[in-house]
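A.B. asks: The chain contents come next:
Protein chains: 8
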Amino acid sequence: MYIMELDDVDLKILKIIQNDAKYPLEKIAEEVKVPKSTVAYRIKKMEKMGVIKGYFTYVDPASLNLDYLVITLVRARYGKDYHDSLGKKLSQLPGVWGVYFVLGDMDFVVLARFKNREDFMKNFLEKLINMPEIERTSTHVVAKVYRETPYVIID
Amino acid sequence: MYIMELDDVDLKILKIIQNDAKYPLEKIAEEVKVPKSTVAYRIKKMEKMGVIKGYFTYVDPASLNLDYLVITLVRARYGKDYHDSLGKKLSQLPGVWGVYFVLGDMDFVVLARFKNREDFMKNFLEKLINMPEIERTSTHVVAKVYRETPYVIID
Amino acid sequence: MYIMELDDVDLKILKIIQNDAKYPLEKIAEEVKVPKSTVAYRIKKMEKMGVIKGYFTYVDPASLNLDYLVITLVRARYGKDYHDSLGKKLSQLPGVWGVYFVLGDMDFVVLARFKNREDFMKNFLEKLINMPEIERTSTHVVAKVYRETPYVIID
Amino acid sequence: MYIMELDDVDLKILKIIQNDAKYPLEKIAEEVKVPKSTVAYRIKKMEKMGVIKGYFTYVDPASLNLDYLVITLVRARYGKDYHDSLGKKLSQLPGVWGVYFVLGDMDFVVLARFKNREDFMKNFLEKLINMPEIERTSTHVVAKVYRETPYVIID
Amino acid sequence: MYIMELDDVDLKILKIIQNDAKYPLEKIAEEVKVPKSTVAYRIKKMEKMGVIKGYFTYVDPASLNLDYLVITLVRARYGKDYHDSLGKKLSQLPGVWGVYFVLGDMDFVVLARFKNREDFMKNFLEKLINMPEIERTSTHVVAKVYRETPYVIID
Amino acid sequence: MYIMELDDVDLKILKIIQNDAKYPLEKIAEEVKVPKSTVAYRIKKMEKMGVIKGYFTYVDPASLNLDYLVITLVRARYGKDYHDSLGKKLSQLPGVWGVYFVLGDMDFVVLARFKNREDFMKNFLEKLINMPEIERTSTHVVAKVYRETPYVIID
Amino acid sequence: MYIMELDDVDLKILKIIQNDAKYPLEKIAEEVKVPKSTVAYRIKKMEKMGVIKGYFTYVDPASLNLDYLVITLVRARYGKDYHDSLGKKLSQLPGVWGVYFVLGDMDFVVLARFKNREDFMKNFLEKLINMPEIERTSTHVVAKVYRETPYVIID
Amino acid sequence: MYIMELDDVDLKILKIIQNDAKYPLEKIAEEVKVPKSTVAYRIKKMEKMGVIKGYFTYVDPASLNLDYLVITLVRARYGKDYHDSLGKKLSQLPGVWGVYFVLGDMDFVVLARFKNREDFMKNFLEKLINMPEIERTSTHVVAKVYRETPYVIID
Ligand SMILES: [Mg+2]
Ligand SMILES: [Mg+2]
Ligand SMILES: [Mg+2]
Ligand SMILES: [Mg+2]
Ligand SMILES: [Mg+2]
Ligand SMILES: [Mg+2]
Ligand SMILES: [Mg+2]
Ligand SMILES: [Mg+2]
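Chains as they are written, first to last, in the working numbering: chain P, -16 to 138; chain B, -16 to 138; chain A, -16 to 138; chain S, -16 to 138; chain C, -16 to 138; chain Z, -16 to 138; chain R, -16 to 138; chain E, -16 to 138.
In case anyone wonders, no lab produced these hints; they're calculated from the structure. There may be inaccurate statements among the hints.
Restricting the straight-line Cα-Cα distance to at most 20 Å, the calculated cross-link-like pairs of lysine to aspartate or glutamate (DMTMM-like) are [stated by the list, open to error]:
no., chain 1, residue 1, chain 2, residue 2
1, R, 110, P, 88
2, P, 28, P, -12
3, P, 5, B, 50
4, Z, 98, A, 102
5, S, 5, S, -12
6, P, 72, B, 43
Label pairs and their computed distance ranges (CB to CB) [stated by the list, open to error]:
no., chain 1, residue 1, chain 2, residue 2, range
7, S, 8, A, -6, 29 to 39 Å
8, A, 67, B, 64, 21 to 31 Å
9, C, 105, R, 75, 22 to 32 Å
10, R, 113, P, 99, 31 to 41 Å
11, Z, 128, E, 68, 26 to 36 Å
12, E, 58, Z, 71, 50 to 60 Å
13, E, 58, R, 113, 51 to 61 Å
14, A, 98, Z, 71, 33 to 43 Å
Okay, the calculated bits of chain P under chain A, using three or more residues with CB under 8 Å as the criterion [as the list claims (entries may be wrong)]:
no., segment
15, 1 to 8
16, 122 to 131
Quick reminder that beta carbons are idealized off the backbone N, C-alpha and C, glycines included.
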């Protein structure tokens, strides 16, 4: 994998647009102290090289009535490449937005959002219970979100 | 808390822009089958009401050399409102992007990204070890990311 | 599901009769400050709508020699809808009076009362051991009951 | 403690009224095959001796919007009679209806009902977190109730 | 099961002989203040009724080079009466002197004495590993014996 | 520590008397094929050297109403020689007959017999709860005894 | 197994050469105060008897880019001599340098060194996941090495 | 930290001498196909640069009667840099040869060798029990060593 070398100008641009994707080019140019055309060129290049993977609208989960949040730990059965197929299956479940394969006594950490307990039970937990690759799950209901920052943080 | 009632047009717009914040208004109008001015009006209103909380640029973590990902479970000491002050402290640590207070045998699930083990040790773990509100932590190194979708999913 | 809207009079009546099902209508009427016929009408309505599900006699378990109380945590095997059939089977065991399907590292919490250890062993534990849907159980003998209030509490 | 010896007639009466406290005396007399005066006498005696501890109205929790059910395991700190004072304190929390001191790796099993997550957090969990007698709690959210029979079962 | 009622004289006799099976009858008679013939009669009766189950010589385990002591927790597989057959099998293993079926997260506690690690490995652990009724074992090597009193204690 | 070397004759004698302390000398002599005086001499010597530590009467626990058996795992607090003083304290509790300091995640395994739950609660568990050297206990009630052989086994 | 009896001279020699295999014979002779020929003879004899098992070059793992160290706990499935074949298989995996079969709740402790996470995932973890003898693994990433002394220490 | 770049010749030399520190230079030269002077020069350079950290004699632990091997998991108390001082203290205990600070639910993995249980108890466990920085330890006695290769493995 080729990784593009980012210079100071790139990083300054990213730092501005990371949590404000619609920040005007002129103002970026002013703050970074490079011509506007350079800002435009750099952004295009970073899009092309895969440094910038997209621009997202952050919708308030509560406005969508998605306030039944869970973090589920999943233990896969051992044997026959179950882990990889399970990682993919979990990723495609409705409501699921994070699937991490981790080292330690559990195998996957899954983050998901649902409308309420019935939505969670029917569309998530009952599906997990019937997946043959799973040995155990343990679901932690989220009581309070202290931070959820949907972008990489550049200090 | 007042929650704005979203109608079908709102939801269709959100569904389009959630993972493409720069999608042209004309094309949205065409797809949702409403005038372009309606699209613009609805978006403005959703921004004002807090349904749309922002527009983010999703930067590839690997491009920033942030590929030492960890998920840390934290157990707080009991007593004296430690939980709330701890939730806030954890949220302000460099590298940390998710802090969830959960029900069950652990209290917080913390998601964070670092450059490498040294970065993780010095800027995160050593700080946790010295926080008096913490009883125990258990860090799971992420071996593989199957899914990380930094926006609310609207089906 | 239609849920009947309860008003203040309903709630005041329920609060009185919840732990004294035979409390005289006259005295309820006096305390709630409505005519006796209203009390009678409201109670009938709540019975019909399913708000009041029944009237129970609370018999002292010790008088029935039922003082071997246990709380058993049950972990179901994963796969093939085992959970639902197990929940039903557990509910029908003699001595069992509470069966809850819970989130976390265990699946069911079962509360039961027996005459003594032999009764518990023969009529409960040995049956559990032979249920194919069960992966593990862990029984906690109750050493002391601090509270057991067999009705919903209305503050 | 003196324990009243129950005979067959007593048990038959209890079996009828345990889940129907308002069952008519005449019909009990008919079914148990004793005079109505005997039924009345026996019930009075069992009330006086403490065999019958009360008559309860079973109100549907859902009608009262009490459908956030939890089962919380509590571990007390060791030392200085903490257990007994803790058992009493837990029993007096709003929403709590069952408190059992159990043998094994946990000390108390607490059953409680709340309106929703906020009610649970503010009126229960935050109070527990600040009790000095508690070392740890682990809350299991109830996903489904398979059985909850608020009276002693006489077979 | 018929259980013989023990009186004060019986208990006083048992208290003397429990840890000195060869204590002279005369001296027992003197201490208990009953005729020697009564002592002899009582002992005979208790032998016959099964109150006294035998007289044992307590041999110092270290003198027999049996100083590799272990306490092994055993978890049985669920299903098909495995527990009872396993309890019997464990009881017949060489070196094993205590086998208890217990409530909680483990099923059996097994106490055993061996000459050394090789003896333990070959004659005990390897046999356990190959028993199909066993799901897991966990062996705790005894580091120090604070008390081991091979008789029932009468206070 | 000097350890007496046991020969074949010693071992044969021990094997006979280990579970029958009153077996006649003549019969031992006959079976071991040595003169009766040799048997007497060998036994005296083994008593003097500490190989034979005593003769016990095995009283049936059920006859003494001691059928509430528990196995309690104890975790000591770390620091200041707590372990050794705790081992001694546990050994002196009424009802306790076995106290083992073990390697692994628990520190002590304690075996004890009580008359019933109240006896166990008052004379054992409540004392443990108030010992400052203890961090945690976990009590397993014995449901069935498969083997309890109160003497060293010589094969 | 015959074990050679080591005297003081042997031990003194071993103590010198244990962490300096190329220490000159003359200087050893001088320090131990025996003729050089004795040193040479003793070393030869210890090599022949298996006391000295070899001479190793300790290469700095970091210089070989082997700084992704892990300690993996492995739980074997029970039954059919799985343990022994598993112990051998684990020993032959690339990167693995320590395999210990231990008593307690885990069966094997495995120590291994890899170039990075990808090397670890592909050449180690994925192989473990597909071994039918394994029930569970739990990998602990080493954050810091405080001591690693690759020779037996003679005080 | 400067890290010397190793070429193919260096690696081939290391591969030969890693488990035979006294392998003759002539034979290395022959096998690697470079002049003997190059071999000598390369080895000197790797010694100077810290690639080669020493030459060790691998003494058979059994010959030194060091066959009571343990792997101890240590949990440090949280707060006040306890971890770092504890890591250093553990490293200096007699018998200890490996001390790893690890991520997960335990903090340190300690490997050590002792003569027997008494040696282990007195010189290791009792010292740990009295270290104020330690919250818990859990010692696993090694039952069998499948592999222990005291050098970095170059494939
Ligand atoms: Mg894992
Ligand atoms: Mg929690
Ligand atoms: Mg569950
Ligand atoms: Mg307890
Ligand atoms: Mg059990
Ligand atoms: Mg221990
Ligand atoms: Mg093991
Ligand atoms: Mg750690």
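A.B. asks: When you check the alpha-carbon spacing of residue 5 of chain P and residue 50 of chain B, does it fall within 20 Å?
C.D. replies: violated, 27 Å
A.B. asks: If I claimed the Cβ atoms of residue 113 of chain R and residue 99 of chain P lie 31 to 41 Å apart, would that claim hold in this structure?
C.D. replies: With a Cβ separation near 40 Å, residue 113 of chain R and residue 99 of chain P satisfy 31 to 41 Å, so the hint holds.
A.B. asks: Holds or violated: residue 98 of chain Z with residue 102 of chain A, Cα cutoff 20 Å?
C.D. replies: Given that 20 Å is the threshold and the Cα spacing comes to 18 Å, the pair holds.
A.B. asks: Given a hint of 22 to 32 Å, does the C-beta separation of residue 105 of chain C and residue 75 of chain R actually sit inside it?
C.D. replies: holds, 25 Å
A.B. asks: Is the distance from the Cβ of residue 128 of chain Z to the Cβ of residue 68 of chain E consistent with 26 to 36 Å?
C.D. replies: Since the Cβ atoms of residue 128 of chain Z and residue 68 of chain E sit about 48 Å apart, the hinted range of 26 to 36 Å is violated.
A.B. asks: Using the beta carbons of residue 58 of chain E and residue 71 of chain Z, state whether their distance is inside 50 to 60 Å or not.
C.D. replies: The hinted range 50 to 60 Å is violated for residue 58 of chain E and residue 71 of chain Z, with Cβ atoms some 26 Å apart.
A.B. asks: Keeping to a limit of 20 Å between CA atoms, is the pair of residue 5 of chain S and residue -12 of chain S held or broken?
C.D. replies: Violated: residue 5 of chain S and residue -12 of chain S sit about 24 Å apart, past 20 Å.
A.B. asks: Is the Cα-Cα distance between residue 28 of chain P and residue -12 of chain P 20 Å or less?
C.D. replies: Judged against 20 Å, a Cα distance of about 12 Å means the pair holds.
A.B. asks: I want to verify a distance hint. Is the separation of the beta carbons of residue 8 of chain S and residue -6 of chain A within 29 to 39 Å?
C.D. replies: holds, 31 Å
A.B. asks: With a Cβ-Cβ cutoff of 8 Å, does the segment 1 to 8 of chain P contain at least three residues near chain A?
C.D. replies: Per the Cβ count (0), the hint is violated.
A.B. asks: CA of residue 110 of chain R to CA of residue 88 of chain P, is that 20 Å or under?
C.D. replies: holds, 17 Å
A.B. asks: Within 20 Å, alpha carbon to alpha carbon, are residue 72 of chain P and residue 43 of chain B?
C.D. replies: violated, 23 Å
Consistency note: the structure conflicts with the earlier hints numbered 3, 5, 6, 8, 11, 12, 13 and 15.
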